[in-house]
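K.L.:
Chain residues, written in single-letter form:
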Amino acid sequence: MAMSHTDAPGPQHAEAVRHGARRTAITVGLVALGIYIAFILSGVIGR
Amino acid sequence: MANSAEHHDEHHHEQSFFQRWFLATNHKDIGTLYLLFSLAMFFVGGSMALIVRAELFQPGLQLVEPYFFNQMTTMHALVMIFGAVMPAFVGLGNWMIPLMIGAPDMALPRMNNWSFWILPFAFTMLLMTLLLPGGSPGGGWTLYPPLSLQGGSATAFAIFAIHMMGVSSIMGAINIIATILNMRAPGMDLLKMPIFVWTWLITAFLLIGVMPVLAGAVTMLLTDKFFLTSFFNAAGGGDPVMYQHIFWFFGHPEVYIMILPAFGIVSEIIPTFSRKPLFGYQAMVYATASIAFLSFIVWAHHMFTVGMPLGGKLYFMYATMLIGIPTGVKVFNWVSTMWKGSMTFETPMLFALGFVVMFTIGGFSGLMLAIVPADYQYHDTYFVVAHFHYVLVTGAVFAIMAAAYYWLPKWTGHMYNETLGKWHFWLSTIFVNLLFFPQHFLGLAGMPRRIPDYNVAFADFNMWSSIGGFGFGLSQLLFVYIVIQCMRGGAKATDQVWEGARGLEWTVPSPAPHHTFTVPPVIDDSKLAHGNVAH
Chain A
0 MAMSHTDAPG PQHAEAVRHG ARRTAITVGL VALGIYIAFI LSGVIGR
Chain B
0 MANSAEHHDE HHHEQSFFQR WFLATNHKDI GTLYLLFSLA MFFVGGSMAL IVRAELFQPG
60 LQLVEPYFFN QMTTMHALVM IFGAVMPAFV GLGNWMIPLM IGAPDMALPR MNNWSFWILP
120 FAFTMLLMTL LLPGGSPGGG WTLYPPLSLQ GGSATAFAIF AIHMMGVSSI MGAINIIATI
180 LNMRAPGMDL LKMPIFVWTW LITAFLLIGV MPVLAGAVTM LLTDKFFLTS FFNAAGGGDP
240 VMYQHIFWFF GHPEVYIMIL PAFGIVSEII PTFSRKPLFG YQAMVYATAS IAFLSFIVWA
300 HHMFTVGMPL GGKLYFMYAT MLIGIPTGVK VFNWVSTMWK GSMTFETPML FALGFVVMFT
360 IGGFSGLMLA IVPADYQYHD TYFVVAHFHY VLVTGAVFAI MAAAYYWLPK WTGHMYNETL
420 GKWHFWLSTI FVNLLFFPQH FLGLAGMPRR IPDYNVAFAD FNMWSSIGGF GFGLSQLLFV
480 YIVIQCMRGG AKATDQVWEG ARGLEWTVPS PAPHHTFTVP PVIDDSKLAH GNVAH
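Chains as they are written, first to last, in numbering that gives the first Met the number 0: chain A, 0 to 46; chain B, 0 to 534.
For the record, the hints were derived by calculation from the structure and aren't laboratory data.
For each residue, glycine too, the CB sits at the ideal point set by N, CA and C.
Treat the hints loosely; a few may be bogus.
Unchecked claim - Restraint-style ranges between C-beta atoms, simulated for each label pair:
| no. | chain 1 | residue 1 | chain 2 | residue 2 | range |
| --- | --- | --- | --- | --- | --- |
| 1 | A | Thr26 | B | Gly323 | 31 to 41 Å |
| 2 | B | Gly488 | A | Leu40 | 53 to 63 Å |
| 3 | A | Gly45 | B | Ile429 | 41 to 51 Å |
| 4 | B | Gln14 | A | His18 | 23 to 33 Å |
| 5 | B | Ala490 | A | Leu32 | 42 to 52 Å |
| 6 | B | Tyr66 | A | Leu32 | 50 to 60 Å |
| 7 | A | His18 | B | Phe21 | 21 to 31 Å |
Stated by the list, open to error - Here's a subset of chain B near chain A, in silico, CB distances under 10 Å, partners left out:
| no. | residue |
| --- | --- |
| 8 | Pro58 |
| 9 | Phe248 |
| 10 | Gly250 |
| 11 | His378 |
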């Protein structure tokens, strides 16, 4: 058992989770955008 | 745990049809939308395949013009890959990942809605190309230049549609990563997550790594076609082979995007119906990650005949063969899970076992194709068609079918008709092998792929293959009937549904309430499926 009902996280925890999720999403999204730009640039430089 | 899950929220009862489905933010509703969309696309793509098989029933040109035949092969692939298989897995992920990790929903519900609703527009645009002068793209789903640049305006439509599909996939992947990394219930450590969640996490990173590469490749195609650039135009100093390298840098990981979640599904089902924990849980996780890594460094095995240095051929041959090792670990672990298990053979288990046997056949023919001198003979023949259909149909599609039967009682609250489910499995298995196994022989005998007519020497195997194709297609109507029947009624499903099922998803009522785990569940290790848990 990791936790009981009385240990249930409060609203601050929920806000922290939301914040973390947003930060992960933005980071991963930027990585995707970077790959897209990098491959087109590789096409430009490659030829 | 059930108390928190039984939070029947009244909100959705107050929602209009439009609000619930078009403005959906609930992961279960969006999962359902993805699955229904995928099912529709299976039949659209399947109909195109049947046009192909009808034309190939006999040698000679009977039913369609060659250019239309080429459009059917191209569109069949695009629809099946991007419209059927990938959305099916995203739908399953949407439905099950939050339930499996004890999260109330996906991390970014409104983006989730956007991810889905882009797809119908993308496919409307893609399918509309059939109505354009000159028809839809017909140069194959790989869109190799210069052929793909010689079409009409369909190229622009198809490229825009592919961009939209890519945006949808990337947003879906972002959501899955953000959900799994941030919203697991306390106590749900990474190495306690169900294997399906693990495989989806790794798949999502693959999507992030390669969908932008496809987008980059087709953007360059677009500018070559309409803005006078010469990325791939040899006359302007470009290199068409560079397109193949970029495309397959996307294309090979794409194969694993379509199979890793299938591995996850099978790894959930086999332990349930063997009534044993999964053998080698951590090995399964590392094998999945190894396969994902290797998928990035083997792309040129798709283009051995393009003319590359011997060192390149040797490297790509050996790197490709390496994939057999982590894949072999998985097959070994599935068999070991069943070993001395108390096995029963309900429909999900039958489809999972069908997957293990027939996917392995596809894996072995893949190893044959990895051998450079042999590939010179097999390349662009029906042997390749047989190989990847064993991987994608008896692999990915069979796993999707297994998942549908496995989780249908949790989704609908009713048991499906087991007798009809078994009929569906056996009809599918017999006909799919009749469809694809003879194609190995056709390829070995030298029949090229993507041709509407062929030498009479290939007639018999083609006839059998076409009969198998129509049989397999018609068998899927039985699946639709079973699903509708299950949605409308049937024996009441229990919360656990299957005697051997473990994991958080089986602790919520059947059907799963609209909102689950609004309060994080208390993790009881003994009720988890996998990982460092006591059983």
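K.L.:
I'd like to know which numbered hints this structure contradicts. Please list them from smallest to largest.
P.N.:
Hint check: 6, 8, 10 and 11 fail, others pass.
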